[in-house]
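Colleague: Listed here are the chains, written in short residue letters.
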Amino acid sequence: MTQGVAVIGNSGPKVRSDIEVTLKVTRSGGIVIILKSKVKSMYGKTIEEQCRDILSFYGIKNATITLDDSGALPYVISARMEAAIRSVTGDKKELLPMMLPQNLYKSDAHRFRFSRLYLPGNSPGMFINAGLHNPDGVILDLEDSVALPKKDEARILVRNALRAVDFYGAERMVRINQGSRGFDDLDYVIPQNVHLILVPKCETAKNIKAIDEHIEKIKAKHQLTSPVYLMPIIESALGVENAFEIAKTTPNIVALAIGLEDYTADLGVPRTREGHESLYARNRIVVAAKAAGIQPIDSVFSDVGDMEGLLNNVTSSKAMGFEGMGCIHPRQVPVIKQGFAPSPDEIEKAKKIVIAFREATEAGLGVVSLGTKMIDPPVVTRAEKTILLAMKLGLLSEDWSEEKTTE
Amino acid sequence: MTQGVAVIGNSGPKVRSDIEVTLKVTRSGGIVIILKSKVKSMYGKTIEEQCRDILSFYGIKNATITLDDSGALPYVISARMEAAIRSVTGDKKELLPMMLPQNLYKSDAHRFRFSRLYLPGNSPGMFINAGLHNPDGVILDLEDSVALPKKDEARILVRNALRAVDFYGAERMVRINQGSRGFDDLDYVIPQNVHLILVPKCETAKNIKAIDEHIEKIKAKHQLTSPVYLMPIIESALGVENAFEIAKTTPNIVALAIGLEDYTADLGVPRTREGHESLYARNRIVVAAKAAGIQPIDSVFSDVGDMEGLLNNVTSSKAMGFEGMGCIHPRQVPVIKQGFAPSPDEIEKAKKIVIAFREATEAGLGVVSLGTKMIDPPVVTRAEKTILLAMKLGLLSEDWSEEKTTE
Amino acid sequence: MTQGVAVIGNSGPKVRSDIEVTLKVTRSGGIVIILKSKVKSMYGKTIEEQCRDILSFYGIKNATITLDDSGALPYVISARMEAAIRSVTGDKKELLPMMLPQNLYKSDAHRFRFSRLYLPGNSPGMFINAGLHNPDGVILDLEDSVALPKKDEARILVRNALRAVDFYGAERMVRINQGSRGFDDLDYVIPQNVHLILVPKCETAKNIKAIDEHIEKIKAKHQLTSPVYLMPIIESALGVENAFEIAKTTPNIVALAIGLEDYTADLGVPRTREGHESLYARNRIVVAAKAAGIQPIDSVFSDVGDMEGLLNNVTSSKAMGFEGMGCIHPRQVPVIKQGFAPSPDEIEKAKKIVIAFREATEAGLGVVSLGTKMIDPPVVTRAEKTILLAMKLGLLSEDWSEEKTTE
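Protein chains in written order, with the numbering used here: chain A, 785 to 1191; chain B, 785 to 1191; chain C, 785 to 1191.
There's no promise every hint is true.
Identical chains share a label here; the pair holds if one copy fits it or two copies do between them.
[What the hints assert, rightly or not] Straight-line Cα separation of at most 16 Å, EDC-like style, residue types lysine to aspartate or glutamate; simulated pairs: (1) Lys1133 to Asp1046; (2) Lys1001 to Asp1087; (3) Lys1133 to Glu1045; (4) Lys820 to Glu832; (5) Lys845 to Glu833; (6) Lys990 to Glu1143.
I should point out that these hints are in silico values taken from the structure, not numbers from a laboratory.
Take these sequences, add in the hints, and give me the full structure.
Modeller: Structure follows, in structure tokens:
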């Protein structure tokens, strides 16, 4: 497949911010570019120039290129051209857009992960506004939302997006593919300051260990030092059986998610709204995650139109012990974020713990106690985070500790 | 007990197709036979002759035999006589009836096991019509349905039935006893083309491994090559704890069943119709079985008269992920079989998977996909079985793939 | 802290049977005792004398002691004085009250543990009548019910109570503290004929093994031979994950309890009356305990005023397989005890098993059977206990076996 014609990217009435590149390398005739674009009058010249520069970068002197543009940004054009050239010539040279300086922020193992917004990895139209919805994390998805023939080009697009798109402080996540394809995905995305990798259909500790080790190799090669966190997704009965083993495989695992569509398919049962068929598995995931000291994360709620159903789902999820959910539409973000946010009771309890900790520290005591109960250090850390988040969300004033606590 | 009188078999107003043999070996006087039978006028002579032949086979020249016949077939008469002679003389020589040629069919690890009909192993009256009810399997039971003093004679009767009774294609199963008695049971039944052994009160991987190894020894001795499948029955808290370990002990295990009467007794709680007390255990069995890639099988429904209750039970069982149930009465077979059979939705999905697989194969692709999802090979196998079964059940026409799928 | 003033014990309007000791060791001036007590006219002299004797035992010649007495018995006065002297002087010499001869009774691994009454370890007022409420066990609690600064004095008080208070046949239990403090607790209480140690927040087999080994060391040192049983309390997700491993760590473990206040806090969820959030954990504890052959024990019911709620809780607990519950108030004892006691059906079944066992033994049979079922030896033992208890509770006459069983 290193010769012939490549068609890369998407076009059509519903496509935005993308460009479909049809590339044919010819023997002679120079570079011929045919551009179709609504913004041709304004950006036509710039697009053509970028394409010529890229072809020159790859040493291609004769080619016919048809471009169907729906308002693609330069990093998208670059990704599509690179994928097209690689497909036709087999040239694996990478053409990296500039890493935005604001994209170099770090994450934190214990940060809240209430909401994480799934973005289909080959649909650039959804990338640009994702961060504005203020989810705790964005997931650039290379797995289920990308059709099989589009897997290679999506990988390049996602790599570029991680460098050129500002996600406004959201945790930067990528869901890789299952199997060996997933290992290749890692080679592309790990060097781009990815914070967290979602590992689909994780079934064994061995599976997640191999991924963790591969990431460490890539980090060593690129001299990267920041941790890359892992969120295994449990999507099968075998994954449920091994959930606790999986959860404690490596300290890089910070959360354990369940994927109910695949899980119920594995069980061979329909997924119902009541969810009796998956209650056992969800409970077991919560306990496995909490036992390993990590966050249990619930499955996505599929019916984007049913906001009341979503809220009920969030409420029962939180009551079971889950600490977050995936979002498949931006409108789900605020409901999920607010639903998992600390309640007034939780904030009040956190205040008492933090005050007790401060008093104990001031008094030089080795242990913190609240009433007759000793407070473990992780409980203090968690309380401090709850306080911080409550302040961030405007649920608590900055000088709360100077006010009197109620009760 | 190698001298004296033996009373073998059953008699009484409710007994059918059996013969009660009372044998006394004497010092002199030759063979004296006293026969009581409704069919004496027609078959009296034949029965007497068979008994004389058998006594001669064992070299017994003086004996008094009282026969209380309720229409026993020759294989039953033979089994009862052998058991009586063994009881009195200790002679362990086997007297095997002819193996029917149609009884040599094979089973298949992945065949459906929706319904399996329990047949008390010492009650020949229920054997003859069992196959006509068309259950997926028949279980000749040596355990709970056989009283302690009848264990030895049941073993001989079941051995003979496996050779002489036609079960019309049902999977040929035997439930052995617990402990060392179960190992002895295997010596009798394994050489008779048994497809599957049900192992009651299985509690540890070690337990099922020992049984599997004993079966392999018997197979080697008799130069048998067909696999003998295993279905451990989980009937205790310890079994539930070890269910996953048990399920993956040997590839011969094809299903994992739960027995709720014994399980609730082990827990020390009454078994209720709602079944809250066993919901956790049932869920755990389903997940353990699916995680090991085998079939989870639900407990029997005890109230033979309540067909609506049975249907509800089947529906909720299937919704949980179970793939079959035991039947304690032939009338339960059709309800269970239909309840676990593929639904129209399931058939539709299977059609799509099979079509996708055929198209992928024709196109020379290494992977099969449906939409954006890759289809694993076992899912294809399962879909093919669903299609096959749907055709068998008349739910799908033979030329379905030439018709257009809906949607 | 080996100089200065010590204030030990409790005083106040609600305090009964206690004495608050304020001790200051001085350089000269002899022993000065200031006693405040309602019973001063009757017992003032005796109290003063006891205090002088104790000071003399510790070689203290100059001290000012203020006593605020609310009717303390000698073993309480002794405990408070010892704690005060130790606090001021650091002298660790033990001053043991006489062990009551009636306190030397033994327990039994398989005894019923329906109800166990929690007694805050530093509140002597509740000790004296505890046994009169006839709970299966009394728990002298050194953990959650004792405030941090009172931990040391509580340990001495509990040690004395185990010697000087008659609990009228209740199993003698102590709940120790978590961590290294718990090991120190053991040094004080193990030599006092303690029957059972409750181990709070047990999370790993290693944890309970270390405690078991420490107890064996103390027993060896004091040449004690009676077993000290263990009841680990599962109070976290990690404990739930490891419950089965924990339950089978040592044969001294006779029961496994769940503590729902701490468990739900660990999960980060509120504890509701319906308890959906802990149903999975409770089921798992029941199965783990039964699989290990020990007693599953449910959490306490916190609302002391709601007797109907308590009864519902007991009923559903028993239906799940639990065999007991903690009591935080004496009035809960009879409801819990009766709720978990054998029902008429259970007694009837136990009678049949015991009769079958007797008949089998008389007939010289190796196995016991009831109908077609073999009866395992632990089932016989349990049945015998049920019979014994039913007789004790007046539910069965002493000569029941001579009467005809119904059915």
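Colleague: All hints are to be evaluated individually against the structure, with a verdict given for each.
Modeller: We went through each hint and held it up to the structure:
In this assembly of identical chains, the alpha carbons of Lys1133 and Asp1046 lie at most 16 Å apart only when taken from different copies (14 Å versus 38 Å within one copy). Taking the shortest alpha-carbon separations for Lys1001 and Asp1087, neither the intra-copy value of 40 Å nor the inter-copy value of 56 Å comes in at or below 16 Å. For the identical chains of this complex, Lys1133 and Glu1045 are inter-copy neighbours only, at 14 Å across copies versus 36 Å inside a copy, given an alpha-carbon limit of 16 Å. Taking identical chains as interchangeable, the C-alpha atoms of Lys820 and Glu832 lie at most 16 Å apart only when both belong to the same chain, with a minimum of 11 Å there against 100 Å between chains.
Taking CA atoms no more than 16 Å apart as the test, Lys845 paired with Glu833 passes inside one copy only; the shortest distance there is 14 Å, against 101 Å between copies. In this homomeric assembly, Lys990 and Glu1143 never come within 16 Å of each other (Cα to Cα): the closest approach is 45 Å inside a single copy and 33 Å across copies.
Checked against the numbered hints given earlier, the structure breaks hints 2 and 6 and satisfies all the rest.
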